[in-house]
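Enquirer: Protein chains in written order, with this note's numbering: chain S, 115 to 473; chain U, 8 to 258; chain L, 2 to 554.
Just so you know, the hints here were simulated from the structure itself, not pulled from any lab data. Keep in mind that this is a model prediction, so the values were computed, not measured. Hints may be right or wrong, so weigh each one.
Taking lysine-lysine and the BS3-like style, the derived pairs with C-alpha atoms no more than 27 Å apart in a straight line are [stated by the list, open to error]:
| id | chain 1 | residue 1 | chain 2 | residue 2 |
| --- | --- | --- | --- | --- |
| 1 | L | K546 | L | K350 |
| 2 | L | K429 | L | K498 |
| 3 | S | K177 | L | K121 |
| 4 | U | K146 | U | K175 |
| 5 | L | K350 | S | K177 |
| 6 | L | K350 | U | K139 |
| 7 | S | K177 | L | K546 |
| 8 | U | K175 | L | K501 |
| 9 | L | K501 | S | K238 |
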Amino acid sequence: MGLSPVIWQFLVKWLTNFAVIPPEASTQAPQVDALLVFMTLVSLVGLVLVGMLIAGFSILYNKDRNPVATQIEGSTLLEATWTIIPLGLFLVMFVWGSVLYFRIYTPPPNAMNIYVVGKQWMWKAEHPTGQHEIDALHIPAGVPIQITLISQDVFHSFSIPAFRVKREAIPGRYTTEWFEATTPGTYHLFCTQYCGTEHSGMIGEVTVLTKDDYKKWLAESTSGVSLAQNGERLFASLSCNACHNGRPDARGPSLADVYGSKLTLSTGQAVQVDDAYLRQAILNPSSHITQGYAPIMPTYQGQVSEEGLISLVEYIKNLSSNYRVQQTLNTTELLPEQPARSAGQAGATQPASQGVTKP
Amino acid sequence: MSDSQAVATTVDAGHAGGHAAHPPYQRHHFVSMEQQNETTNFGMWLFLLTEIMFFGGMFTAYLIYRNWYYPAFVAASHTLNIIEGTANTGVLITSSFTMALGVWCAETKRRKGLVWSLIATFILGLVFLGIKADEYHEKWVLHHVPGTYFSAQAFVHPTAEDGKPAEKPLAPDMAAHTEVYFSLYFAMTGMHALHMIIGIGILSFMLFRATRGAYMDGNIAFVENFGLYWHFVDIIWIFLFPLLYLISRYS
Amino acid sequence: MSTIVSLPDQATARIPKRNYLSNENGLLSWLLTGDHKRIAILYLISITFFFAIGGTLAGLIRLELLTPQSDLFAADTYNKIFTMHGVIMVFLFLVPSVPATIGNFVIPIMVGAKDLAFPKINLLSWYLYLAGGAMTLWAMISGGVDTGWTFTTPLSTHFSNTNVVTTGLAIFVAGFSSIFTGLNFIVTIHRMRAPGMTWFKLPLFVWSNYAGSILMVLGTPVLAITLVLVVLERTIGIGVFDPAKGGDPILFQHLFWFYSHPAVYIMILPGMGVISEVVSTFSRKRVFGYTAVAFSSVAIAVFGFFVWAHHMFIMGVSNYAVLVFSLLTMLVAVPSAIKIFNWAFTLYKGSITFETPMLYAFGFMGLFTIGGLTGVFLGSSGTDIHLTETYFIVAHFHFVMVGGMLMAFLSGIHFWWPKMTGRMYPEKISQLAAVVTFIGFNFTFFPQFLLGMLGMPRRYAAYPPEFQVLNVFSTAGASILGIGYLLPILYLIWSLKYGKIAGNNPWQATGLEWQIQSPPLTENFVEIPIVTQEAYDYEWLERQKEHEVTHVG
Numbered sequence: 115m116g117l118s119p120v121i122w123q124f125l126v127k128w129l130t131n132f133a134v135i136p137p138e139a140s141t142q143a144p145q146v147d148a149l150l151v152f153m154t155l156v157s158l159v160g161l162v163l164v165g166m167l168i169a170g171f172s173i174l175y176n177k178d179r180n181p182v183a184t185q186i187e188g189s190t191l192l193e194a195t196w197t198i199i200p201l202g203l204f205l206v207m208f209v210w211g212s213v214l215y216f217r218i219y220t221p222p223p224n225a226m227n228i229y230v231v232g233k234q235w236m237w238k239a240e241h242p243t244g245q246h247e248i249d250a251l252h253i254p255a256g257v258p259i260q261i262t263l264i265s266q267d268v269f270h271s272f273s274i275p276a277f278r279v280k281r282e283a284i285p286g287r288y289t290t291e292w293f294e295a296t297t298p299g300t301y302h303l304f305c306t307q308y309c310g311t312e313h314s315g316m317i318g319e320v321t322v323l324t325k326d327d328y329k330k331w332l333a334e335s336t337s338g339v340s341l342a343q344n345g346e347r348l349f350a351s352l353s354c355n356a357c358h359n360g361r362p363d364a365r366g367p368s369l370a371d372v373y374g375s376k377l378t379l380s381t382g383q384a385v386q387v388d389d390a391y392l393r394q395a396i397l398n399p400s401s402h403i404t405q406g407y408a409p410i411m412p413t414y415q416g417q418v419s420e421e422g423l424i425s426l427v428e429y430i431k432n433l434s435s436n437y438r439v440q441q442t443l444n445t446t447e448l449l450p451e452q453p454a455r456s457a458g459q460a461g462a463t464q465p466a467s468q469g470v471t472k473p
Numbered sequence: 008m009s010d011s012q013a014v015a016t017t018v019d020a021g022h023a024g025g026h027a028a029h030p031p032y033q034r035h036h037f038v039s040m041e042q043q044n045e046t047t048n049f050g051m052w053l054f055l056l057t058e059i060m061f062f063g064g065m066f067t068a069y070l071i072y073r074n075w076y077y078p079a080f081v082a083a084s085h086t087l088n089i090i091e092g093t094a095n096t097g098v099l100i101t102s103s104f105t106m107a108l109g110v111w112c113a114e115t116k117r118r119k120g121l122v123w124s125l126i127a128t129f130i131l132g133l134v135f136l137g138i139k140a141d142e143y144h145e146k147w148v149l150h151h152v153p154g155t156y157f158s159a160q161a162f163v164h165p166t167a168e169d170g171k172p173a174e175k176p177l178a179p180d181m182a183a184h185t186e187v188y189f190s191l192y193f194a195m196t197g198m199h200a201l202h203m204i205i206g207i208g209i210l211s212f213m214l215f216r217a218t219r220g221a222y223m224d225g226n227i228a229f230v231e232n233f234g235l236y237w238h239f240v241d242i243i244w245i246f247l248f249p250l251l252y253l254i255s256r257y258s
Numbered sequence: 002m003s004t005i006v007s008l009p010d011q012a013t014a015r016i017p018k019r020n021y022l023s024n025e026n027g028l029l030s031w032l033l034t035g036d037h038k039r040i041a042i043l044y045l046i047s048i049t050f051f052f053a054i055g056g057t058l059a060g061l062i063r064l065e066l067l068t069p070q071s072d073l074f075a076a077d078t079y080n081k082i083f084t085m086h087g088v089i090m091v092f093l094f095l096v097p098s099v100p101a102t103i104g105n106f107v108i109p110i111m112v113g114a115k116d117l118a119f120p121k122i123n124l125l126s127w128y129l130y131l132a133g134g135a136m137t138l139w140a141m142i143s144g145g146v147d148t149g150w151t152f153t154t155p156l157s158t159h160f161s162n163t164n165v166v167t168t169g170l171a172i173f174v175a176g177f178s179s180i181f182t183g184l185n186f187i188v189t190i191h192r193m194r195a196p197g198m199t200w201f202k203l204p205l206f207v208w209s210n211y212a213g214s215i216l217m218v219l220g221t222p223v224l225a226i227t228l229v230l231v232v233l234e235r236t237i238g239i240g241v242f243d244p245a246k247g248g249d250p251i252l253f254q255h256l257f258w259f260y261s262h263p264a265v266y267i268m269i270l271p272g273m274g275v276i277s278e279v280v281s282t283f284s285r286k287r288v289f290g291y292t293a294v295a296f297s298s299v300a301i302a303v304f305g306f307f308v309w310a311h312h313m314f315i316m317g318v319s320n321y322a323v324l325v326f327s328l329l330t331m332l333v334a335v336p337s338a339i340k341i342f343n344w345a346f347t348l349y350k351g352s353i354t355f356e357t358p359m360l361y362a363f364g365f366m367g368l369f370t371i372g373g374l375t376g377v378f379l380g381s382s383g384t385d386i387h388l389t390e391t392y393f394i395v396a397h398f399h400f401v402m403v404g405g406m407l408m409a410f411l412s413g414i415h416f417w418w419p420k421m422t423g424r425m426y427p428e429k430i431s432q433l434a435a436v437v438t439f440i441g442f443n444f445t446f447f448p449q450f451l452l453g454m455l456g457m458p459r460r461y462a463a464y465p466p467e468f469q470v471l472n473v474f475s476t477a478g479a480s481i482l483g484i485g486y487l488l489p490i491l492y493l494i495w496s497l498k499y500g501k502i503a504g505n506n507p508w509q510a511t512g513l514e515w516q517i518q519s520p521p522l523t524e525n526f527v528e529i530p531i532v533t534q535e536a537y538d539y540e541w542l543e544r545q546k547e548h549e550v551t552h553v554g
């Protein structure tokens, strides 16, 4: 045979690795695949039906066999049939798909949170325990994991095909997705929203580890400073604690246990405090004034990077008493007098306070 | 239609006696003058519908941001020159009146009336643009033109001016959002002004023809449809004026 | 196999001396023409030109994807190539293809008018198209643009260093061309129908173009203003979509897709109209359930306006918005299903022949069914998460746009070619071309469904090596497809001189356009016809013929 060896190699390679769907490595994957299989079957039936109608009629009623056509106006009954049956099937797919959608995008309350920042052209993952990864993500199997996403420039999209999850990273707002990996191994991590020149280079690997391996990895890769600790230093260097210190005469509301609580704003609006709210309150404080407080907080727009904001959010999230705030306050008060405006420079002198953008 | 072969082979039957039967300004592909007028009129209305969708995109953006950044929109709106804005509204409504007068004059075949109405409309259009230009200039001086030259400082530290008390200061983060207001202000009024400029261009062409005696033979579809366009541009302004100038002015 | 083609005796037959082609001579008579048929020809030439460019770019994309590395082009060049491919194919080929060429040519004749309502605006719309096309080419030559045809902000407004402004303005200008075409069609269909031509006697091609025109007229202005805002944001720095200034990039997505989803129906609806005509003619039967097919076009147009957010399921729009838009997306799929079954049942008890237009129409029905059904995969929000932004979506819209629309376009070009030129295309080679196109198409795009299922993202210059084999299949298929598209260009040009003389009605079709000479007179009808027959009334046609025979004999 004149089959070139290159083509032969290809065929062998393809047939040995043949797959129609990527590996199922999360709890959601089999659920998505079930619907995909259902839809594929329905589509095949539909396609075969249409194909058979066309082919069958073409054979039965071609001009040789049937020289004179019989004129038919139509048939309400038949037309109703092929309106209602597809409609019914589509509605089943709609309901099933929507249930799936809510399941995929509603994280369980005990999910472990990992922050991911997208930028041209890399993914930066921030573990609460202080590990930083670029274009890589290490996670334990069997633990629900929530990814809180944000972009610091253009739209990106955080996609792990083996987990059947995907979410856009949008500049200026948090989005979330969650998954629970089931099988240890390494999987593709793609940016699927076109984001500029090196879009196709914005790929990485997700490594799913067993719980023990994950503990080992955590210990080996720690930077020594957790996100919350970094947030604490930022909190101090930006002088947040000058007002948010929980003292009775404080000019800002106490932040202890504020995460997850219901606040009433000065506009009378009731809000639920979540990551997105905290981020907005730091950047656009004037529209997020807690009732009873004066609108005196300056904006930190342009002064804190997305990673810095994440650290602050993580710090505030874990703040269950004002003890630590007052502690840091006391230590900063011991420092020589420094105006709030030079917070950036102050941050730079403290090596661990990552995230303050240099002016 | 009864004999298709005849249709195909008969040559040039349609034209020979055609012109006698219909007025010279009837286009050949129309059966009657009535059909021609209805058609152009319908086309004009449809075009105005596309214009509504065109401005609709910006009105949507306006409504969303006004809802989000209401204090910034109020403060920024108060810096607009309400006197000039009101004057412009008056100018434009008057120009709509003179335009309507023009259409009436064309219908009743008053040549002088038509020419003078069009001149009045033309001048009023230019006055509108002049006042608008002055307002733009004022925005430029105040650093309210979005882009690198923009500054929201005046909203953070408002100063009292002659007689008027100082506006309530905005927090810096909210003040920064006045740029969104001014972005929409310039985009919306700019697009409106562009429509005015195009309108004035067509108007001057029409005026030129009217001075030469056109539109006196009953063929006034052009005047009528231009009138529709002019009123439409006027109506857009009638929406823009309260939305941009009159936010929370009642105090 | 039998055929319905009935040509006049070739020995004596002549192309009629007086027709729209010979009416006036010289380049100027073409460039300043108001004749809808000549403008249709001008459009046909120009969209073929842009299709050739867009197709070449597609070929370059497939070549680059032969290997996993980005070795043929740098990533930057690759991005510019697929952006240009998208912009040219969407705005300069697919949107104007059927309406501006075939629609322009036959709609006035089908409704029994001498021309479109506004001939000068029709010509203006061609010039606007050319201006938009020239600006696009200029943007491409002077450095290209790399945002993708979707112009996602803030990439397009702040992060790209390429010719976004030129391209944006080019699309703005080309957009007005399509607004004017749509406006002209709507007004013509409303006001210029011949006496007796009621709405329900109109051929279905007119109905579907009417529905498409509504989308053009209402959707395109929104795209226009959105692009203006993008251009202003890029040039002077206004902040409507800029998150740094408080603008919302999601708003851009809403406004952009408010046009760009209906745009899909702008492209496909006129193609569906072609299929109705062709299927009816070549099975000698009226379209099964005329009213259902007519109203399903309008239903698609109406629902089509309320499904845009299904492009944004993973962008963090609220879950409840996702519910609503997913449901509406499912509803918009139903009229398409109705059409497919109605066409299939038009064949039932027909007297079917298999000339080239019919083969393309069969291709359309098969490929559009696949394209439509895979659309349901994407409209169902749960599966959309996995499939969106991968090659699955690329394959899906190519099945609809290329497999559906382009097949319909080729079907229509072959169907009306005798009317446009007075000559037949060569039958055998064109049947071959139809089959080659169908095979090549499936080879090219079916592997992409598998790639998408496996998770290969779109718009990647380089990809993980395990996706290579399927990409090689796809590229191999693309070369077959290329031949399939090249053939018609060659033999259609050949037929202009050497094709058989077609006569008035080679297909024995019922439309008004087939009752006049080919090529038609400039004024189409010597006398405006009075319409008494329904659309697709083959018995009426038989009676006409008998009448003729007795009359002459």
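Enquirer: State for each hint whether it applies.
Expert: Structure-based check of each hint:
For the given pair, L/K546 sits about 23 Å from L/K350 by alpha-carbon distance, which is consistent with the 27 Å threshold. Pair hint L/K429 plus L/K498 holds up; C-alpha atoms about 17 Å apart against a cutoff of 27 Å. With a C-alpha separation of about 45 Å, the suggested pairing of S/K177 with L/K121 is violated against the 27 Å cut-off. With a CA separation close to 19 Å, the supplied pair U/K146 and U/K175 stays within the 27 Å bound.
Between L/K350 and S/K177, the direct Cα distance comes to roughly 10 Å. Compliance with the 27 Å bound is thereby established for this hinted pair. Between L/K350 and U/K139 the CA atoms are separated by roughly 70 Å; this puts the pair beyond 27 Å, and the hint is violated. Distance restraint check for S/K177 and L/K546: the Cα-Cα separation of roughly 20 Å lies within the 27 Å cut-off, and the hinted pair is therefore satisfied. Only pairs whose Cα atoms come within 27 Å are accepted, and U/K175 paired with L/K501 is rejected, the gap being roughly 83 Å.
The suggested pairing of L/K501 with S/K238 is violated, with an alpha-carbon distance near 67 Å, which exceeds 27 Å.
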